[in-house]
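Q: Knowing the structure of chain S, use the given hints to seat chain R on it.
Chains as they are written, first to last, in my numbering: chain S, 8 to 435; chain R, 8 to 435.
If you are wondering where the hints come from, they were derived from the structure by calculation, not from laboratory data. Quick caveat, the model's predicted, so the values are computed rather than measured. Heads up, a few of these hints could be off.
Identical chains share a label here; the pair holds if one copy fits it or two copies do between them.
Within a straight-line C-alpha distance of at most 25 Å, the following computed SDA-like cross-link-like pairs (lysine to any residue) qualify [unchecked claim]:
#1 K289 <-> T381
#2 K134 <-> A218
#3 K39 <-> I296
#4 K311 <-> L82
#5 K23 <-> T420
#6 K134 <-> G158
#7 K392 <-> I296
#8 K311 <-> T61
#9 K289 <-> N41
#10 K392 <-> G128
#11 K288 <-> Y391
#12 K414 <-> I74
#13 K289 <-> R120
#14 K369 <-> S336
#15 K289 <-> A43
#16 K39 <-> F68
#17 K139 <-> K215
#18 K23 <-> K430
#19 K376 <-> G80
#20 K139 <-> I293
There are 2 protein chains.
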Amino acid sequence: MKEYKDLSKEELLKLKIELENKYDDMVSLNLKLNMARGLPSAEQLDMEADFFNTLNPNVNFISEAGIDCRNYGELIGIREARELMGDMMEIPADNVIVFGNSSLNVMYDTVARSMILGVCGSTPWCKLDKVKFLCPAPGYDRHFAITESFGIEMIVIPMLPTGPDMDMVEEYVNNDPAVKGIWCVPKYSNPQGITYSEETVKRFANLKPAAEDFRIFWDNAYCIHHLYDDKQDFLLEILEECKKAGNPDIVYKFCSTSKVTFPGSGIAALGTSENNINFIKKVITIQTIGHDKLNQLRHVRYFKNIDGMREHMRKHAKILRPKFEMVVSTLDKELGGLGIGTWTRPIGGYFVSFESLDGCAKDIVKRCKDAGVTLTGAGATYPYKNDPHDSNIRIAPTFPPIDELEKAIDIFTLCVKLSSIEKILSER
Amino acid sequence: MKEYKDLSKEELLKLKIELENKYDDMVSLNLKLNMARGLPSAEQLDMEADFFNTLNPNVNFISEAGIDCRNYGELIGIREARELMGDMMEIPADNVIVFGNSSLNVMYDTVARSMILGVCGSTPWCKLDKVKFLCPAPGYDRHFAITESFGIEMIVIPMLPTGPDMDMVEEYVNNDPAVKGIWCVPKYSNPQGITYSEETVKRFANLKPAAEDFRIFWDNAYCIHHLYDDKQDFLLEILEECKKAGNPDIVYKFCSTSKVTFPGSGIAALGTSENNINFIKKVITIQTIGHDKLNQLRHVRYFKNIDGMREHMRKHAKILRPKFEMVVSTLDKELGGLGIGTWTRPIGGYFVSFESLDGCAKDIVKRCKDAGVTLTGAGATYPYKNDPHDSNIRIAPTFPPIDELEKAIDIFTLCVKLSSIEKILSER
Numbered sequence: 008m009k010e011y012k013d014l015s016k017e018e019l020l021k022l023k024i025e026l027e028n029k030y031d032d033m034v035s036l037n038l039k040l041n042m043a044r045g046l047p048s049a050e051q052l053d054m055e056a057d058f059f060n061t062l063n064p065n066v067n068f069i070s071e072a073g074i075d076c077r078n079y080g081e082l083i084g085i086r087e088a089r090e091l092m093g094d095m096m097e098i099p100a101d102n103v104i105v106f107g108n109s110s111l112n113v114m115y116d117t118v119a120r121s122m123i124l125g126v127c128g129s130t131p132w133c134k135l136d137k138v139k140f141l142c143p144a145p146g147y148d149r150h151f152a153i154t155e156s157f158g159i160e161m162i163v164i165p166m167l168p169t170g171p172d173m174d175m176v177e178e179y180v181n182n183d184p185a186v187k188g189i190w191c192v193p194k195y196s197n198p199q200g201i202t203y204s205e206e207t208v209k210r211f212a213n214l215k216p217a218a219e220d221f222r223i224f225w226d227n228a229y230c231i232h233h234l235y236d237d238k239q240d241f242l243l244e245i246l247e248e249c250k251k252a253g254n255p256d257i258v259y260k261f262c263s264t265s266k267v268t269f270p271g272s273g274i275a276a277l278g279t280s281e282n283n284i285n286f287i288k289k290v291i292t293i294q295t296i297g298h299d300k301l302n303q304l305r306h307v308r309y310f311k312n313i314d315g316m317r318e319h320m321r322k323h324a325k326i327l328r329p330k331f332e333m334v335v336s337t338l339d340k341e342l343g344g345l346g347i348g349t350w351t352r353p354i355g356g357y358f359v360s361f362e363s364l365d366g367c368a369k370d371i372v373k374r375c376k377d378a379g380v381t382l383t384g385a386g387a388t389y390p391y392k393n394d395p396h397d398s399n400i401r402i403a404p405t406f407p408p409i410d411e412l413e414k415a416i417d418i419f420t421l422c423v424k425l426s427s428i429e430k431i432l433s434e435r
Numbered sequence: 008m009k010e011y012k013d014l015s016k017e018e019l020l021k022l023k024i025e026l027e028n029k030y031d032d033m034v035s036l037n038l039k040l041n042m043a044r045g046l047p048s049a050e051q052l053d054m055e056a057d058f059f060n061t062l063n064p065n066v067n068f069i070s071e072a073g074i075d076c077r078n079y080g081e082l083i084g085i086r087e088a089r090e091l092m093g094d095m096m097e098i099p100a101d102n103v104i105v106f107g108n109s110s111l112n113v114m115y116d117t118v119a120r121s122m123i124l125g126v127c128g129s130t131p132w133c134k135l136d137k138v139k140f141l142c143p144a145p146g147y148d149r150h151f152a153i154t155e156s157f158g159i160e161m162i163v164i165p166m167l168p169t170g171p172d173m174d175m176v177e178e179y180v181n182n183d184p185a186v187k188g189i190w191c192v193p194k195y196s197n198p199q200g201i202t203y204s205e206e207t208v209k210r211f212a213n214l215k216p217a218a219e220d221f222r223i224f225w226d227n228a229y230c231i232h233h234l235y236d237d238k239q240d241f242l243l244e245i246l247e248e249c250k251k252a253g254n255p256d257i258v259y260k261f262c263s264t265s266k267v268t269f270p271g272s273g274i275a276a277l278g279t280s281e282n283n284i285n286f287i288k289k290v291i292t293i294q295t296i297g298h299d300k301l302n303q304l305r306h307v308r309y310f311k312n313i314d315g316m317r318e319h320m321r322k323h324a325k326i327l328r329p330k331f332e333m334v335v336s337t338l339d340k341e342l343g344g345l346g347i348g349t350w351t352r353p354i355g356g357y358f359v360s361f362e363s364l365d366g367c368a369k370d371i372v373k374r375c376k377d378a379g380v381t382l383t384g385a386g387a388t389y390p391y392k393n394d395p396h397d398s399n400i401r402i403a404p405t406f407p408p409i410d411e412l413e414k415a416i417d418i419f420t421l422c423v424k425l426s427s428i429e430k431i432l433s434e435r
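Pulled out of the complex, with its shape left as it was, chain S reads as follows (with noise of 0.2 Å):
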């Protein structure tokens, strides 16, 4: 098999007609097919049957600390749910709140609470003339959102195999006070199931920011979400590392039960260091008097510890992986070999990347559109929506079943395909 590149323009040209009339094929069908949004699948959900079961008119309402989850109190969570979320985090139940239904949210409070108020006696940033967020990218789009709203400019740091370009990193934190923060996927990152190396990591805990009120905000959204038994990405454990490079509180850490329970239903908590804990613990309890202690304690009796949670991920990879399979060895028969695309092969987390040829990503995703296949927009990975080599297409294979999700990757090969020919046709 050649390379398109290699084609002659008249073997380009042939193709192209081929492949237009399979692409009116597929578009004459009215597909409706959906590989935008890392959601759960309707088949995991269903197996969080028992969850419902875990509080009843017949059990006890009590936490282990005798407090009545029923009732007002608790303003950090209840000293299990900490717990559990702490093993999450691999660190001390100490170190830990809970908080509501979403860490997005979290981390949206977090950088508010920044604005209006400052970090730990910081000047509230809203009072500074520039405040700048570095952002590794390809990325999570709801981080870049959110530093977007607040005004906060956002500096891209390309994505290595090991996690973001270090030296950059090092470069913007230890010398421009003006940089207060880094947005974080450090395991099976979003979109490309990178995990950081361990170097890199250390690199992050050893940083010496100009800012003192600085933060790394580390989005652990994929930290127990394995694909595979034997084959797992081990992330070493931050807080930890920060402490022994006398940086304690440079880390703000985040996790959810979203993606193990229920999306909105379940239960976000932050980690971070004792100094930044009691800070925002004056912040929040004028915030609210608790979060949801029965929520809570629905995840710590039905789980009853972190054995239980891994134990029930497990479940969930055995319904996700020939889903990541079959998307992977799909681009690998149809695109494999072509020289007009590569794409990540996870082990983790919830999407596949896809990096087009230059140019044409914007072009597939509306390709695709077209012929009802929805992605998420081209550049959303990118602060700014703006991806400067319009390249990265984030595909998330986990909600659809895989009849549907085999259709919409077909007509996703198909597309970008079609894209990479007139693309190089167009540069003879």
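A: Coordinates of chain R only, in the frame set by chain S:
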């Protein structure tokens, strides 16, 4: 019976010794009683047992609009929850956003949002030299804590039997562009149990604010929290009045089921104009993917509709009524005619408000504490915890079992007497 002020010095001194002996007896009992905060009692919470069967493995989790409530989506709440909360607030579902578990959190976020992003396009409050809020007082301490935490200047507005002093409110709001808001608990107010009169509501609706970004923070926390079937206050619905007055955007209504189902595990809602809803939607779409729809579904399926909720609140009233009646009749019996205090006779809400002689409230609360009875801190019902007369004490009779409450209120009346005698003697 003579008023204390008409007793001779000798009579007062004699009485003082008698009461001190009684007080010492009480102290020696080492009681631990709490009338500090407005918590539902365990008896109220026990009643909700069936709530936990509402969602179980045998039901479906699909909203009326066909949304799987177990997955992401429905940022502003499922339609049927918006309807239920709309009925609670007496406004259409279109004007409602259902949030998470805490209306306090919604209020905090509403102020925080205005600080960072302004109100519907106005200058962010954090960019202004001065922001002021009007604070009808006595009022809810947690409202004042929010504005204080953001450095907003608080101006005390006296409470009259008809609600806040509207002459003063109009004077400030209509002339001072730094006045951006006012905190209101318009029905069965905290702590006085006052319901704003029709004229008061109409005057609110007809304000002509000097600031375009002025908003009324209408915390209708006790909207369906009646103690009697046959004696109920009526509050004019303000959103419609504002619309009629050509001020459609001037009010945010807040409510929750914290004291209907479970504090911390209820659902909270905001009710406001379409303009405000659209602005807030744009902001919260960055903050979260959605709130806990399963809990919304639980509430809707448990109550079915507002009639179910009202019926349910009748059962709460049955539990609470004897407590309130015992408190008021004890105050009548022990303090009536002595001229050393006045108290409210609530027909709804969660509090009894007590006015001591000037300068006695702190002393009474301290004496109670020393005898094992915790009350809300004196001054807490005023901005900056500064009660200018040192006279208001908030009594929260809902949580303790009635036998404990009896003991606590006995100690309270004893402390009022002792404190009043010392005050009168000191002025002779």
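Q: For K289 vs A43, is the C-alpha pair at or below 25 Å within one copy, between two copies, both, or neither?
A: between (39 Å within a copy, 20 Å between copies)
Q: Given a CA cutoff of 25 Å, do K289 and R120 count as a within-copy pair, a between-copy pair, both, or neither?
A: Both: 11 Å inside a copy, 19 Å across copies.
Q: If the cutoff is 25 Å on CA atoms, where do K139 and I293 land: within, between, both or neither? Let me know, please.
A: between (28 Å within a copy, 18 Å between copies)
Q: Pop the pair K311 and L82 into one bin, within, between, both or neither, using alpha-carbon distances up to 25 Å.
A: within (22 Å within a copy, 31 Å between copies)
Q: Treating 25 Å as the Cα threshold, decide for K134 and G158: within, between, both or neither.
A: both (12 Å within a copy, 14 Å between copies)
Q: First find the shortest C-alpha distance between K311 and T61 inside one copy, then the shortest across copies, and answer within, between, both or neither for a cut-off of 25 Å.
A: Both: 11 Å inside a copy, 23 Å across copies.
Q: Which holds for K23 with T420 at a C-alpha limit of 25 Å: within a copy, between copies, both or neither?
A: within (13 Å within a copy, 92 Å between copies)
Q: At most 25 Å between CA atoms: does that hold for K288 and Y391 within a copy, between copies, both, or neither?
A: between (33 Å within a copy, 20 Å between copies)
Q: Within a copy, between copies, both or neither: which one fits K23 and K430 at a CA-CA cutoff of 25 Å?
A: This pair counts as within: shortest intra-copy Cα distance 12 Å, inter-copy 97 Å.
Q: Could you figure out if K39 and I296 sit no more than 25 Å apart (CA to CA) within one copy, between two copies, both or neither?
A: between (44 Å within a copy, 23 Å between copies)
Q: How would you classify K414 and I74 at a CA-CA limit of 25 Å: within, between, both, or neither?
A: between (52 Å within a copy, 24 Å between copies)
Q: Should K139 paired with K215 be assigned to within, between, both, or neither, using CA atoms and 25 Å as the limit?
A: within (16 Å within a copy, 40 Å between copies)
The earlier numbered hints are all upheld by this structure, with none contradicted.
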